[in-house]
Amino acid sequence: MIQNFFAGLYELILGRPMPANFTNDYREVVFPNTGLQLFIISLALVVIYYYVLNRMMSTGFYKTQHWVLFLVLNAIIAFIIPIVQVNSNGIESHSYTYMFAFVNMVYSLILFFLFSILLKRGSVQAWTTPMKWPHKR
Amino acid sequence: MAKLFVFGIGGTGSRVIRSLVMLMAAGVKIQNCDKIVPIIIDPDTQNGDMNRTVELLKTYKHLHDGLGRREEGFFHTDISTLSSIAGDGTGKIRDSFVYDFGGINKPFKDHVGYNQLDIDSQALVDLLFTPENLSNSLDVGFRGSPNVGSVVLNEIIDSPEMRFFASNFQAGDRIFFVSSIFGGTGAAGFPLLLKNFKDVHTTLPNAASLNSALTGAMVVLPYFSLEQPAAGVQADFIDSNAFTTKAKDALSYYQHHLGGVNAVYYMGDTPDKPLENNPGRASQKNDAHLVELLSALAIVDFMDYSDNELSGAEVYHEFGLREDVSHVQFSHLDQETRDRVAKQLIRFHYFERYYTAHMPDDAQAAYAKGVDLTSALRNEPIFKELNKFLTHPDFGYQTWLKELNRKDRTFAALNINETDFNRMVADKQIETGFLNKGIHQGAFVKELNRASESISDRDAYKATIKAFEAATEALVDSKLKYA
Numbered sequence: 001m002i003q004n005f006f007a008g009l010y011e012l013i014l015g016r017p018m019p020a021n022f023t024n025d026y027r028e029v030v031f032p033n034t035g036l037q038l039f040i041i042s043l044a045l046v047v048i049y050y051y052v053l054n055r056m057m058s059t060g061f062y063k064t065q066h067w068v069l070f071l072v073l074n075a076i077i078a079f080i081i082p083i084v085q086v087n088s089n090g091i092e093s094h095s096y097t098y099m100f101a102f103v104n105m106v107y108s109l110i111l112f113f114l115f116s117i118l119l120k121r122g123s124v125q126a127w128t129t130p131m132k133w134p135h136k137r
Numbered sequence: 001m002a003k004l005f006v007f008g009i010g011g012t013g014s015r016v017i018r019s020l021v022m023l024m025a026a027g028v029k030i031q032n033c034d035k036i037v038p039i040i041i042d043p044d045t046q047n048g049d050m051n052r053t054v055e056l057l058k059t060y061k062h063l064h065d066g067l068g069r070r071e072e073g074f075f076h077t078d079i080s081t082l083s084s085i086a087g088d089g090t091g092k093i094r095d096s097f098v099y100d101f102g103g104i105n106k107p108f109k110d111h112v113g114y115n116q117l118d119i120d121s122q123a124l125v126d127l128l129f130t131p132e133n134l135s136n137s138l139d140v141g142f143r144g145s146p147n148v149g150s151v152v153l154n155e156i157i158d159s160p161e162m163r164f165f166a167s168n169f170q171a172g173d174r175i176f177f178v179s180s181i182f183g184g185t186g187a188a189g190f191p192l193l194l195k196n197f198k199d200v201h202t203t204l205p206n207a208a209s210l211n212s213a214l215t216g217a218m219v220v221l222p223y224f225s226l227e228q229p230a231a232g233v234q235a236d237f238i239d240s241n242a243f244t245t246k247a248k249d250a251l252s253y254y255q256h257h258l259g260g261v262n263a264v265y266y267m268g269d270t271p272d273k274p275l276e277n278n279p280g281r282a283s284q285k286n287d288a289h290l291v292e293l294l295s296a297l298a299i300v301d302f303m304d305y306s307d308n309e310l311s312g313a314e315v316y317h318e319f320g321l322r323e324d325v326s327h328v329q330f331s332h333l334d335q336e337t338r339d340r341v342a343k344q345l346i347r348f349h350y351f352e353r354y355y356t357a358h359m360p361d362d363a364q365a366a367y368a369k370g371v372d373l374t375s376a377l378r379n380e381p382i383f384k385e386l387n388k389f390l391t392h393p394d395f396g397y398q399t400w401l402k403e404l405n406r407k408d409r410t411f412a413a414l415n416i417n418e419t420d421f422n423r424m425v426a427d428k429q430i431e432t433g434f435l436n437k438g439i440h441q442g443a444f445v446k447e448l449n450r451a452s453e454s455i456s457d458r459d460a461y462k463a464t465i466k467a468f469e470a471a472t473e474a475l476v477d478s479k480l481k482y483a
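For the record, the sequence lines run as chains A and B. Counted from 1, the first sequence has number 6 at position 6 by our numbering; the numbering is strictly sequential. Counted from 1, the second sequence has number 165 at position 165 by our numbering; the numbering is strictly sequential.
These are calculated hints, taken from the structure and not from any lab test. Note that the structure is a prediction, hence the values are computed from the model and not measured. From the three backbone atoms N, C-alpha and C, an ideal C-beta is built for every residue, glycine too. Hints are supplied without guarantee of correctness; some may be wrong.
[Claimed, not checked] Each computed DSS-like pair below joins lysine-lysine, with the alpha-carbon atoms no more than 27 Å apart: (1) B/Lys462 / A/Lys63; (2) B/Lys58 / B/Lys35; (3) B/Lys29 / B/Lys388; (4) A/Lys132 / B/Lys462; (5) A/Lys63 / B/Lys437; (6) B/Lys481 / B/Lys437; (7) A/Lys132 / B/Lys384; (8) A/Lys136 / B/Lys384; (9) A/Lys136 / B/Lys462; (10) B/Lys479 / B/Lys29; (11) B/Lys109 / B/Lys195; (12) B/Lys479 / A/Lys63.
[To be verified] Residues from chain B that face chain A, not an exhaustive set, calculated with beta carbons under 10 Å: (13) Ala365; (14) Ile455; (15) Asp457.
Input sequences plus hints: build the corresponding full structure.
Printed below as a string of structure tokens:
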């Protein structure tokens, strides 16, 4: 189920994993692992940004530039994860690997933004970061 | 709906009301009334002191009205012009904080019809008034001559304004007079108005309510002197050497002939360096003085007493500092006074400092972004009024505080040029260290954001003021720990 979901998600853009002899490794191990890690790490960073730094601690990192910093950090992590996954599973490096890393990074941007929108209202100091929408007050 | 009518008579009256407005802006509570109706009585329509007080009152009123009715907080005390207290638009008098003298601009001589008098009456007038008294034009006030004031001001009792005041006076309302004893308008106006209000045979409406109204008075004794013109120079001036003599005479008169006041407050000081001698008009714009601020506290004190407490025998109050110091800090005030004003003034000062110096950098902070403060600051007129109140070079809070610091005896409780919040209060500084930075911009934003969480107003002005009230309270309690 999870395997199918993540395989579908990545293959939607990237097409069938290459080189062809590693297709199953990608579908059964790399895609689900990468997808789950992407999901968990993005959520964790959003929670750290909104609830730890800007609720529990009130560190002053409430500006959009700080949010962007976390977004970029998440994107960097999201770029590294697929490469690490591919290498640690003994899969031969291929241009597909980097395309995969790139797509994962794009997904991380979307996911980080979505989590931010969903969770930001719970933050005292940063509920208007990166923007006030969709909340009125 | 009890009201307090504050009659500010003459230049000193205006200046004390100016300080009262600052106290009200800071949120100092005035008990036992819902509304204050300041009425400034000064025939000198160009008087600089009066005009800037009027501007301040108007600005305050806008700021109060923008926030609506509240029990506490900055600008919470309601003020009203005399004409708007009727509430039904029936007032046929000018909508102003100032009594309208209708432009008396002739010399006193013509005002009393000196030339039409018979020779005996002229001789009597000559006995009572100096040639200068007779020839001076009345539109600059009475130039420190109560004998002129008592004649001219007598006419205001029959004016539409006074009748309007009396007919709208209700049982439970109170009256407070603020005047100097050593000048012209104040020294003449206070006893005159009092006598008329307390006269059982008065022709004013609502006589019974007026007669029995609880009445207080702040009598300001000499506290400044004026420069004397150089020998041989024929200048138009007020002789401040006569202040003490005039005060003594007036006090003696009050002692024997003045009844009907429930509480009288006295305040004075040794004069320091003489002020520029301007007998009236726009040039009579004296710096704010500590005595005026402390005099304004008399009104707060008077209103603290319940009706029952005031109903007994007349009481007399004098103000004293704990120590005779030239730089007066909060710790030099009596504990009761300090409790009433210190925290409020500190909070307001923090608010003003942060609002003017740091708030423009907070466009991204949640408290500001949540109510689109940046565009509101640009577009909403109420913020222009707030800026005026805080920073206007003529009547704003900053100017007032600076003026209070220019004299020999200064109000030095708040360090006006200090930009570090930790050192702004003279008698209590915040110890800072590696881990504790005290009050700084970050700490302020944090408190403002936290405060704005519980504010439901979407209106930027209301939300901002309320956020500052809560934030400054939290900072004063948790960081400054002022008690």
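Structure-based check of all given hints:
no., hint, in the structure
1, B/Lys462 / A/Lys63, "24 Å, holds"
2, B/Lys58 / B/Lys35, "15 Å, holds"
3, B/Lys29 / B/Lys388, "23 Å, holds"
4, A/Lys132 / B/Lys462, "19 Å, holds"
5, A/Lys63 / B/Lys437, "21 Å, holds"
6, B/Lys481 / B/Lys437, "14 Å, holds"
7, A/Lys132 / B/Lys384, "25 Å, holds"
8, A/Lys136 / B/Lys384, "25 Å, holds"
9, A/Lys136 / B/Lys462, "16 Å, holds"
10, B/Lys479 / B/Lys29, "24 Å, holds"
11, B/Lys109 / B/Lys195, "25 Å, holds"
12, B/Lys479 / A/Lys63, "25 Å, holds"
13, Ala365, "6 Å, holds"
14, Ile455, "8 Å, holds"
15, Asp457, "8 Å, holds"
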